[in-house]
Structures are given as structure tokens and as C-alpha cells.
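Protein chains: 2
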Amino acid sequence: MQTVEKIGQQAKQASQIVSQLSLADRNEILKAMATALTANQSTIIAANQEDLANAQDLTGPMKNRLTLDAQTIAGIAESLAAVADLADPLAGPYENWDHPTGFKIIKKTVPLGVVAMVYEARPNVTVDAAALTFKSGNAVILRGGKEAIHSNIALAMVLRQVLVDHNLDPDIIQLIEDTSHESVNELLHMRQYIDVLIPRGSGKFIDFVVTNATVPVIETGAGNTHIFVDESADQDQALEVIHNAKTQKPAVCNSAEKLLIHQAIAAEFLPKIADKLIAAGVELRGDEAVCALDSRIKLATAADWDTEYNDLIMAIKVISDTAEAISWVNTHTTHHSETILSQNPANVASFMNLVDAAVVYQNVSSRFTDGFEFGFGAEIGISTQKLHARGPMGLPALTTIKYEVFGDGQIRQ
Amino acid sequence: MQTVEKIGQQAKQASQIVSQLSLADRNEILKAMATALTANQSTIIAANQEDLANAQDLTGPMKNRLTLDAQTIAGIAESLAAVADLADPLAGPYENWDHPTGFKIIKKTVPLGVVAMVYEARPNVTVDAAALTFKSGNAVILRGGKEAIHSNIALAMVLRQVLVDHNLDPDIIQLIEDTSHESVNELLHMRQYIDVLIPRGSGKFIDFVVTNATVPVIETGAGNTHIFVDESADQDQALEVIHNAKTQKPAVCNSAEKLLIHQAIAAEFLPKIADKLIAAGVELRGDEAVCALDSRIKLATAADWDTEYNDLIMAIKVISDTAEAISWVNTHTTHHSETILSQNPANVASFMNLVDAAVVYQNVSSRFTDGFEFGFGAEIGISTQKLHARGPMGLPALTTIKYEVFGDGQIRQ
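Line by line, the protein sequences give chains A and B. The letter at position 187 of the first sequence is residue 196 when you use this note's numbering, and the numbering goes up by one with no holes. The letter at position 263 of the second sequence is residue 272 when you use this note's numbering, and the numbering goes up by one with no holes.
Worth double-checking, as some hints may not be accurate.
You can't tell identical chains apart in this list, so a pair holds if it fits in one copy or across any two.
Stated by the list, open to error - Okay, derived cross-link-like pairs now, DSS-like style, lysine-lysine, Cα gap no bigger than 30 Å in a straight line:
#1 K113 with K281
#2 K285 with K113
#3 K258 with K72
#4 K40 with K117
#5 K258 with K117
Since the hints were made in silico from the structure, they are not lab data.
Can you make the complete structure from the sequences, with help from the hints?
Structure below.
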């Protein structure tokens, strides 16, 4: 097994090669990778069976995410081939201008270099991340969860073989086979080789990465998202939007976790939404005002207000006005997606302007916070930070700029 | 003295206010600040005298940077007023598009929120940073060096009074008066209040910040910059460019520190450039090949190749070809500014494409890496990282984006 240091070194070197490939070459190779995945599906499925045999302790949904069969592999290959059809994030035209002394400055879009991805037991991320980083001219270091290690090794081997077949350095795509915590820790500190690390996983894991890494990190995905129903809301519409945002896919980061109801409508609206959510199997927790209005709802603890459940649970609070809603949201937000349900333009404007989140919604389900839904064609993650990229990240998030200056002997006076 | 925590809290609150000011209001206040600086110059100069009296140990250039008199204050006020004339970094038009289900997505440009600046004994940075963060709608926390503390307090008091006079929260601009290391340490970890921290200072200090901070950081300024003279270079032009890049202002980050000479021209070119640099008072150090060619040059140590001198010192090395030059530069670069002096298009293309730096020059002095020279009107620093901002940073580097979504009840299927 190669050391993480060695993998980093190789990635840095390989990043120069992949950064110089033409769009036509990158696309041809992506399509060849899609074909190779399907052609090698029996090897991949056999490796996945090993992972599944070791995965007795996993819950049903986690086992589902881990499972690869002919159909899921076909889906992964299809997504991979679709990346070839996306616009080139490195393409010009680039801004350029002349300095008064006559030299030309070109502001070029270039790959970041070496991207490291740390993620959990979802083997499809191995292929997605490899495809998106490759398309954008980067080398990638993949460090997936140990539950998927055999699947990941098999997938990476197929992708690397395609690189070899095209006379390219296979270290453009590398998988860390060491699934110990130490290998992650080493990655977090390898500033000389890694240009950006993108963690995907639980809020707790991402916090660990952000507070420990010395390499540049893009925070993704923690979503303690709120819906505020103000006094002017269309209540029938609100019932549908809240139901959708909470129940349509509760395990993901853009589903709703908290509901704030304006005091003027609480007595009327709470029983209706509680009926609907309880019927959908949602466990409700509430502040004292909520519990006083509906005896089916149990009292929330202080920890509830900062917890991302990723489950059929929702905490509800009565709020006195839009200003309090904004202040509450800004105190508890993970800066992902926040929603106001309202027909009052002044309330909407305040909420939009003052809530500090990547995406702020009026009268729309927050389940739409997603690269595909936003029209970016692909998504490497959802940034909850403000620097570099915010919200759903498409291919441009994997690029940076470089100033190229061409002159004929200009000196500064 | 207020705690750093309290200052952070206040800044977060004030950031909402400044983020909502119109361009006209921001510009009017900037101009009022410029007027107030001049009107209060005697108070400022008196405070500065205290700092100077305590600054017996400072070197001449550092004392110069610290000194405020009527003329320097007029210059600072003029720069401040000029910020009012810069384009609004928050202005639209914003990209916007409709989702197939009918809701609208607007990609808005918004301030970062709370910007923290940590810097050394240059009181002008106090005003520059306050002006640029204010113009871009941010609250700022300033933490200047202890040598300038009295000057900084006086300057901040003038700026804050202008905010009060305009019925605004003065905590939009705050100065940390505690000049202990602990106050910096606290800043580095105040994730709940600080959106970005920009350190300005020595490479060692910036490294400390980057490796210890848990708040988002933009790395600035360390510049171990190289010039590679290839076999095709116009040697007369090269002499002028190297001389300018090394000697015109040796203490700054965009001045040249290392010279790489192609072996085919080393015997011819080295004596000429050594004559010119030695005449300008530059101490030369070299690898063995260089020392063998010119006995005036002493042998460089391994540490030389990674040292930013910020002084009249230059280390010179003989290189076998462009590929070796690129590899050498990429190993020792601080990713700031790198230069090739060449008339050979193939060498220039390789160097431009493969050298990993914010700015890459052909036949131009690297002294031009500067926000004003690049036409950005102002500069909050020079980013040597790849995320968010790279190279000279103008006002847009102090902004982020936010997606505002407006619909009428859309839910995800």
C-alpha cells in the first residue's frame, strides 16, 4: 500500500498532465470510462459483494447506498458519460486588457490542481468525483469510507486503466486504500500537494475537517434548515411546501429540519401542519408555546434547535415576528438553505436580505437546493461557506484563475 | 477594554446594517471620513508621536512606515476619498433564470459579512482596510501591531465618529486595542462571528495564521519570486527587468528574490547581471556553477532557495533547460509572481501553462503585481492561494454570492 505522502506527490505531478489536456481528449476519455465501467461490471459487482458481506451492521438505507448491481452501474456510467456533455469550465473567452506601458494581462481560468475528496460509504461518489475533477482538468485523491473499500478499489482500477489505455499517467485518479483515521489526518495536513479538500459526510465529520485541516477546505452539506411561516402565508400552499421539504427525502441536507410559525397564525396553522406531518410519520418536537397548543407534540430540548436530524423528525417554534425569525435563523443556521412562506413583500425582502445562507427561498421547497435543479448539470457538493463557492457547486467551483502577463521589457518606475 | 468575543458579536450585528446601505450612503460616508481625518490631524499626529516615542528599537524603514504627519494624513485621506469613486462591487445586474417549474433564481452579489484584518505597524492599513471593507458592505475588525496602537486608536476613533454622526452603529468599524498574542489567537478561532480573516505581514506570520486558524483565511503576500532567463532572452532587456524587479523596492513581496540562468548563456550573461546588481548594492549568492563562473559570488545555502529576503540580496542558479526551470520554480514558489525572460514562444508557453503562481510574466518586471497596476483601483492584499481570490485583490474579493429564490408553492417530485 502506498503512503499518503507518496500519493500526494504523484497527484501533484499528474495534475500538470491533466491540466494540459484538450477538451476533446478529456471528453473522449470520460466516454471511454463510462464504457469501461459497464464492460467491467461483473468485477465491480463481485468486489461490492465483499463489501456487502462485511456490512452486516449497516442500516437499510446505508446498505442501499452501498449496493452496486447492473442497474446502478449503468446509472453511474450514464452520469459519467453525461459529464462529457457539460460545458468546459476552462474555456475562454478570458478577460484581458493592456497596461498603460503596453503589456497585456490575460485573466485565465485554470484547474485548481489537486483535489482531495473524503467521503463515506457511497461508491458512486468515487466515480462522480473522478469524472468532475477530470473534466475540470484536476488530479484527484479519493478517500472513501472503509465500508465501500473493495467497491472503490474496483471502480478506481477501471478508471485508471482507461487513463493507461490513453497513454496517460493513471495517478491523475488515485484512491487511498488505507481506510484508517490516520490517512485522513495526513491528507488534512498535506499543504504541499493538495490545493483543496472537499469533505462530504455528517456535520460532525465536516466540523472535524474544518477545524483540523491546514489544507484549504470547502465546507459542504450540513443543513439545519428552517422554514418560517409568517402571518400572511398562503396556508394551503404552506402545508404542501413544508410536507415536501420535510418528508420527500428526509436523509439529505436540503430537507427541512425546523419550522417557525408566526404567533398570529399558530393556533390555526399548527394543528393542520401537525396532522399532515404526523400522518406522514414525522415525530414532532416543540417549544413550550407549541406544546401548549398541541398535546401530541413533545417538548424540544435546547440541543434540538442545532441538530440536523436527517430523519423524519421536526422541531417547531412559535415566533413573534419576522425580525425574531431572522435573528433565530441566523443564530441556528448552518448557512445552507432557509425559507420564508409569505405573501408579504416587506417580510420577504427582510428575510431575503438579512438571512445569512447560501440559498434563501420564498414559497418554494428547499429540496431544490441541488446542482442539477439549479441547472449546473452536475454537482460536486453544496458549499455552506462564503469563500470561493457558495451553494450548489458545479464544475466552475473546481477552477481558479491565473494572470498571464506578456510584455517586451516593461519596468516599474 | 472590550473582549475580542464581544467585539466579534458586535461586528456580526453591525454587519447586517452596513450590508443594507445604499451606494450613495456608503460613498457619502467615505467622503465624510476623508474630511474628518484631515480635520482631526492634530489629534492623530499627537497619538502618533506617542507611538514614535516608544519606537526606539525600530529600523529606519519601519519608523518611516509608522510616521504620520500632515502630508501622510492628507495622502491617506485622499486614498480614502478615492474609494468612494470606485465601482460598487455589490451592484448588479445579477444573473437570474427560471426553473422549469416556474420559480426564479437570482444569483446576487453580497458582502462577506465580518472581515478581520491582522497587520503590522502600518497605520495607513487601518484606514485602507476600513475604507475597502466599508465600501463593499462589510463590518471590519482591525488588529494592528502594537507599535502603532496609539495611532490606530486615534484613526479608528475618527472613522467611528463619522458613523455615529450618520446615525449608524460605530461597530461597523472596530479596532482591537488588546495587542497581546492572545487577542490574535482568539480571532483565529472565532468561527461564529468572522467570515474571513486576511493576515498581512511576514511569511512566517502568515504561515502561523494559515496553519492555526479555524476561521476562513485568505493567504496574502509571501513572495519568493523567481526570474528565469532562457537561452533566447534579449539580454539587454533582461538586465533592465532583473535590475528593476530586484532593486526598485526590495522590501515588498513582488520584488525578485531568485534568478535562474540557462546554462547556454550563463558564462556570457552572469558577469553582466552581476556587475549591474553589485553596482546597485545587491549581495549575490549562487549555486556551485554560479560561484565557479564569478568569484565575487558566495555559495548559497539550501535555506536560501526558500527564503524571501525582502532586501538587497539575490540568489542565482544555473539551470539546464525550461523544464528544469519550471520544476525548480514549482518546488520553491510561494505562488505569487514568477517570470520568464525569453523570445522563444515554446518556452514561454510551457512556463505560462505549467508554473503554479497567481501571476506569470514574460519579459515584464514582477513589480507590477499590484491592484492599482492591474487596474482594480484598490488593493486589500495579494492572494497567494487558489480559492476565492488569486493575485491582487480588489473590492470583489470582499464579496460572496447568495441565491435568492422566488416561487409560488413549488415542491420537488
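Here's how the hints hold up against the structure:
1. In this assembly of identical chains, K113 and K281 lie within 30 Å of each other by CA distance solely across copies; the values are 28 Å between and 65 Å within a copy.
2. Taking identical chains as interchangeable, the C-alpha atoms of K285 and K113 lie at most 30 Å apart only when they sit on different chains, with a minimum of 28 Å there against 63 Å within one chain.
3. In the homo-oligomer, the alpha carbons of K258 and K72 lie at most 30 Å apart inside one protomer (16 Å), although the nearest pairing across protomers, at 63 Å, exceeds that limit.
4. For the homomeric pair K40 and K117, the shortest alpha-carbon distance inside one copy (27 Å) is at most 30 Å, but the shortest distance between copies (35 Å) is not.
5. In this assembly of identical chains, K258 and K117 lie within 30 Å of each other by CA distance solely across copies; the values are 28 Å between and 40 Å within a copy.
Checked against the numbered hints given earlier, this structure breaks none of them.
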